[in-house]
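Novice: Could you use the hints to bring the two separately framed chains together as a complex?
Chains as they are written, first to last, in the working numbering: chain R, 113 to 420; chain U, 506 to 801.
None of these hints come from the bench; they were simulated from the model.
Virtual Cβ for every residue (Gly too), placed ideally from N, Cα, C.
Heads up, some of the hints might be wrong.
[Unchecked claim] Below, a list of computed lysine-lysine pairs in the DSS-like style, where the Cα atoms sit at most 27 Å apart:
#1 K231(R) <-> K305(R)
#2 K584(U) <-> K309(R)
#3 K757(U) <-> K305(R)
#4 K136(R) <-> K705(U)
#5 K136(R) <-> K231(R)
#6 K705(U) <-> K584(U)
#7 K705(U) <-> K231(R)
[Said to hold, decoys possible] Covered by chain R, per the in silico footprint, the following chain U stretches (three or more residues, Cβ under 8 Å):
#8 579-591
#9 615-625
[Unchecked claim] Now the in silico label distances, taken between C-beta atoms and shown as ranges:
#10 Q405(R) <-> F706(U): 26 to 34 Å
#11 L188(R) <-> S576(U): 46 to 54 Å
#12 Q123(R) <-> F706(U): 23 to 31 Å
Here is how the chains run, residue by residue.
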Amino acid sequence: MAVTTSSPQAQVYARTVFFDRLRKYLFFAMLAFWAALSVAPLYFTLVFSFKPVADIYTPPIWAPIPFTLDNYATILGTFQLFPRWVWNSVFISVIVTIFRVLFCAMAGYAFARIEFPLKSFWFNLLLISMMMPGVVTLIPSFLIIGPGLIRGGLALGDLRIPTGFGLIDNPWGVILPGVADAFGVFMMTQFYKSFPKELEEAAMMDGSGRWGTFFRIVLPISQTQLITLALLTFQGAWNNFMWPLLVLRSPEQFTLPIGLQWFRGEYYTLYSVILAGSIFNTLPILIIFFVFQQYFVRSIAATGSKEG
Amino acid sequence: MRTRTDRRKWADALNGYLFISPWLIIFIIFSLISLGYAVYLSFTEYNLLRPPRWWGLEGYQRVLEDELFISKALPNTFKYVLIVVPIQTFLSLVLAFAMDQNLRFQRFFRTIFYLPSVTSSVVISLIFIWIFAPQGIFNQITGLTVNWLDDPRTAFYVIMGMNIFTTSGTLMLIFLAGLQDIPLAVYEAAEIDGANGLQKFFYITVPMLRPVIFFVVTVGVIGCFQVFDQIFVMTNGGPLDSTTTITYLIYKWAFRDTRIQMGQASALAVILTLIILAVTLLQRRVIEGSGSGAER
Numbered sequence: 113m114a115v116t117t118s119s120p121q122a123q124v125y126a127r128t129v130f131f132d133r134l135r136k137y138l139f140f141a142m143l144a145f146w147a148a149l150s151v152a153p154l155y156f157t158l159v160f161s162f163k164p165v166a167d168i169y170t171p172p173i174w175a176p177i178p179f180t181l182d183n184y185a186t187i188l189g190t191f192q193l194f195p196r197w198v199w200n201s202v203f204i205s206v207i208v209t210i211f212r213v214l215f216c217a218m219a220g221y222a223f224a225r226i227e228f229p230l231k232s233f234w235f236n237l238l239l240i241s242m243m244m245p246g247v248v249t250l251i252p253s254f255l256i257i258g259p260g261l262i263r264g265g266l267a268l269g270d271l272r273i274p275t276g277f278g279l280i281d282n283p284w285g286v287i288l289p290g291v292a293d294a295f296g297v298f299m300m301t302q303f304y305k306s307f308p309k310e311l312e313e314a315a316m317m318d319g320s321g322r323w324g325t326f327f328r329i330v331l332p333i334s335q336t337q338l339i340t341l342a343l344l345t346f347q348g349a350w351n352n353f354m355w356p357l358l359v360l361r362s363p364e365q366f367t368l369p370i371g372l373q374w375f376r377g378e379y380y381t382l383y384s385v386i387l388a389g390s391i392f393n394t395l396p397i398l399i400i401f402f403v404f405q406q407y408f409v410r411s412i413a414a415t416g417s418k419e420g
Numbered sequence: 506m507r508t509r510t511d512r513r514k515w516a517d518a519l520n521g522y523l524f525i526s527p528w529l530i531i532f533i534i535f536s537l538i539s540l541g542y543a544v545y546l547s548f549t550e551y552n553l554l555r556p557p558r559w560w561g562l563e564g565y566q567r568v569l570e571d572e573l574f575i576s577k578a579l580p581n582t583f584k585y586v587l588i589v590v591p592i593q594t595f596l597s598l599v600l601a602f603a604m605d606q607n608l609r610f611q612r613f614f615r616t617i618f619y620l621p622s623v624t625s626s627v628v629i630s631l632i633f634i635w636i637f638a639p640q641g642i643f644n645q646i647t648g649l650t651v652n653w654l655d656d657p658r659t660a661f662y663v664i665m666g667m668n669i670f671t672t673s674g675t676l677m678l679i680f681l682a683g684l685q686d687i688p689l690a691v692y693e694a695a696e697i698d699g700a701n702g703l704q705k706f707f708y709i710t711v712p713m714l715r716p717v718i719f720f721v722v723t724v725g726v727i728g729c730f731q732v733f734d735q736i737f738v739m740t741n742g743g744p745l746d747s748t749t750t751i752t753y754l755i756y757k758w759a760f761r762d763t764r765i766q767m768g769q770a771s772a773l774a775v776i777l778t779l780i781i782l783a784v785t786l787l788q789r790r791v792i793e794g795s796g797s798g799a800e801r
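Next comes chain U alone, as it looks inside the complex (with noise of 0.2 Å):
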């Protein structure tokens, strides 16, 4: 009996890692290993001809003493993330209650709110470029002659509107989901108890969707920190470096440079982590503090 059941878990032991087998290998490749190795990388010169060489904290020292990184790139990020964020999150909630509220419209209205998220980033950014050309269509409906993506004032803000426009239709989906969850019993009561809609949606619809906020905040926060794409395609960091993030600077100096500073650039991308880790806890605390939370 006893050699039975210990056979059976030395096959299971065996099946259990052949069945993880195949995520393991690229999760120890691409995870684990990549991740050590972008550490190692951090603390030393490296510009692909060479092998890296040790220089400790030089990498962050310079990093940190960077003029493009200090002005630029550390402050846009973060302008980047307060303004996307906030909007992003409100603006799918409200969508997301009202359309709680008409049901007859809503498998429509989930449908077309969907679609600016299915496009792919690259194209939106395109259409984006062309809509907002000096001729192009912004323009001739608004009657503006804005040079919106030449003009440092007004570039980064319309890498913004076009990200709030894409992401809040799945945001919408996830909240609407949240929303759907909430017994309706509550809000019976609190309308018998004479409670109007505002009150309700601040009261009620919002405190019970704390968790479902808190997830929405953190893939909003971790996302718009790692935003590419679409200054890649739609301004290259500029005019005059006034869309240059972190993400598309460690992309510079990784890949783009004449002088090649993987070794630096990774500096920056443990740089970028660690400020995304603490953001996402601070923001944990924020949002698990204030009140007591819905149970879940």
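In isolation and in its complexed conformation, chain R is listed as follows (with noise of 0.2 Å):
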């Protein structure tokens, strides 16, 4: 590897494979130590939530001991509210996920391929979205999934048009905002230009027209892409916290993060339950990312270097 450099004396020779070695040594040694600190957290937790609740600060730390399955029967049992909040967390999930991945498809798709009137404009606008803070449209994006802007509607004549969804305390007013956004547009716009067109002629060729070809060839040979997206997209959703707090207000319709959060302020001493709770928010996730690790290393690869 680094040693490949050829010197003539055998002297200086030997006191760069020594440092070589050295700093090898060196960068392994911070490498485990921050790899040892990444993991610790989530250690502590797994150990403390096979623990007695009153042993919750009692040593020892390092082994679940003495053993105990309470924690975790509590929430799969005593508790009803936590399989409640474990389904809401999936449902709106998955839910976002599918629409997102492909309203994100089809617009990347548009934006690469299709001459449409105004293309730049959208595009540009789009771009200069992504700059934008999330918290501006905080507000008014809360008041148009619940009350609406205008109180009563927009008045048209007799008509009054509704300005807002109604949608405070229901899954789908989560789900609404996220169900296509300028990253994921954005993100496959670059691809699908990056993408060789000759399939999808020969296709259109063929007669099949703009749908036909992109949902029976286009979707197909992008699968990675989508499924990049789709675990990003997951992933978000489903550790998701500012939004679901605003729109979600009674306990049967929480996530699991607000659920969490929630039980904390209700149960404070039961903080092996929480910790128990936490695995059961993080491990879906810790397997996911396990599964389809190189997905995720890929998408964020892609994030940094295209953006760059």
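Specialist: So this is what it looks like as structure tokens:
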């Protein structure tokens, strides 16, 4: 690797090898230290989720002694809301993921392939909107999802057009703003731009229209990219906090992160149960992460090099 | 012939709009209209009970005279960005550089380092509350007796440390991808010229990575200016407002206070947007201005 430098003097060469090795060990030690740090919080959480509630601050911290399954029993049996929260989280995340992947792929395909009026105008707006901080649209978005921008609706003669969806405390209120977004469209546009046209053109020649081509040819061949976007979206939706916090009001409607936070407020002394619940929130994402690891890495690498 | 191309053009226009329509509808409602309405609201007094009442720049003036904003939220937010962004950028760059040298364990470390980023902000916050409790694991290991999250001198730093901890993994992966794009020949040429490891890092790696650094810093700045989840869960802006940031204040004014002030909160949101815009542009000039920059 790095020791390919051909130095005529053996002494210099030996020194280089020595420093090379030293540096390697130093780097390795650093990486190992950070790795230990990265695992530590989750490891401790796992350990203490198997310890009795009374032992939440009691050593030993390295192993679950004494061991109990009570906290998990509480989550799955006694406390009825937990399964509900898990289900709400799954429902919202899956629906958001399906729609967002489809809609972003459609828009990305159009921006990359189809000529239509004002195309570059919309695309530029999309790029600008990616720089816009989410907080600024938070209040109006809340009003639109909930009571409406104008109380009683927009008056048009005798007609009153509602300006809000009335979806407060409804999972669809969480889902709706998330079904399409600038980043996803941008990502798919870049992908389709760099993608050979020949296959689609052959299909178009054979007489399938835009839509047929898109669903039969384009979607299947962009599978990898779609999975990448799906994973990013699922992770984001599953872990989302601020928006569901505003929209969801009653405990039955909570997602898991909102529920866990609420649970802490209500039952502060049951911290072991919170830890067990945290494991429930983390585990699905961890499993997905391990199974689809290369897609995650790809997606992150892509965000960096494409916009840089 | 002409009519055929005409028809094709019309079909394309129609299909193009049909294809983008789901995104376009969401974009118009939740970005364009929302942004416009946020700007409008910032010039009004609005408490959800009565319709917004126009009062010009009064809202902005109230924000700028607000004690909590001037003496807490504003300095806290800048402090947060100025501490977290440089540390997480440098740390993740060094980690990526170290990983680039140890090819053998790369996959293993990559997986481990990414773990904190996969965990949700709420869950990691709940875990840190417990770890940094007075009798928590951190005090047990270090033998300290600090009440980390209840002490205005320490609470904010725990949150900063936690966020550096959770984001560095992702940023490291971005840097690693950038590092692997640098041709090996450049390093070899430098070695022949007698450059040592540190020189290679500062004279080759850093300049060649300039675009990626710009991206990582931009993402970091935009994210850090809007920090909310962790503060909401861990401290609620306390103790003694020592962790109140601008975004938390916006939330507080718009949704939490006994006297809801959505107009004033919108004014603050607009101010925050302008701050982020200004800092991003400034930062771009600093990063692109120093040196010629790598070709891209």
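Novice: All hints are to be evaluated individually against the structure, with a verdict given for each.
Specialist: Okay, the hints, checked on the actual structure:
For a cut-off of 27 Å, the pair hint linking K231(R) to K305(R) stands: about 14 Å separates their Cα positions. For the suggested pair K584(U) and K309(R), the alpha carbons sit about 50 Å apart, so the restraint of at most 27 Å is broken. Proposed proximity of K757(U) and K305(R) is contradicted: the alpha carbons are some 44 Å apart, above 27 Å. Annotation: proposed proximity of K136(R) to K705(U) holds, straight-line Cα distance about 15 Å (limit 27 Å).
For a cut-off of 27 Å, the pair hint linking K136(R) to K231(R) is broken: about 52 Å separates their Cα positions. Straight-line distance between C-alpha atoms of K705(U) and K584(U) comes to about 32 Å, which puts the hinted pair past the 27 Å bound. Pair hint K705(U) plus K231(R) does not hold up; C-alpha atoms about 45 Å apart against a cutoff of 27 Å. With 0 residues bearing a CB less than 8 Å from a CB of chain R, the stretch 579-591 of chain U misses the requirement of three and the coverage assertion fails.
Judged by the Cβ-Cβ criterion of 8 Å, the stretch 615-625 of chain U is covered by chain R as claimed, because 10 of its residues qualify and three suffice. The supplied range of 26 to 34 Å is met by Q405(R) and F706(U), whose beta-carbon atoms lie about 28 Å from each other. At roughly 48 Å, the beta carbons of L188(R) and S576(U) sit within the given window of 46 to 54 Å. Distance hint check for Q123(R) and F706(U): the Cβ-Cβ separation is about 25 Å, which falls inside the suggested range of 23 to 31 Å.
Hint compliance for this structure: hints 2, 3, 5, 6, 7, 8 are broken, all remaining hints hold.
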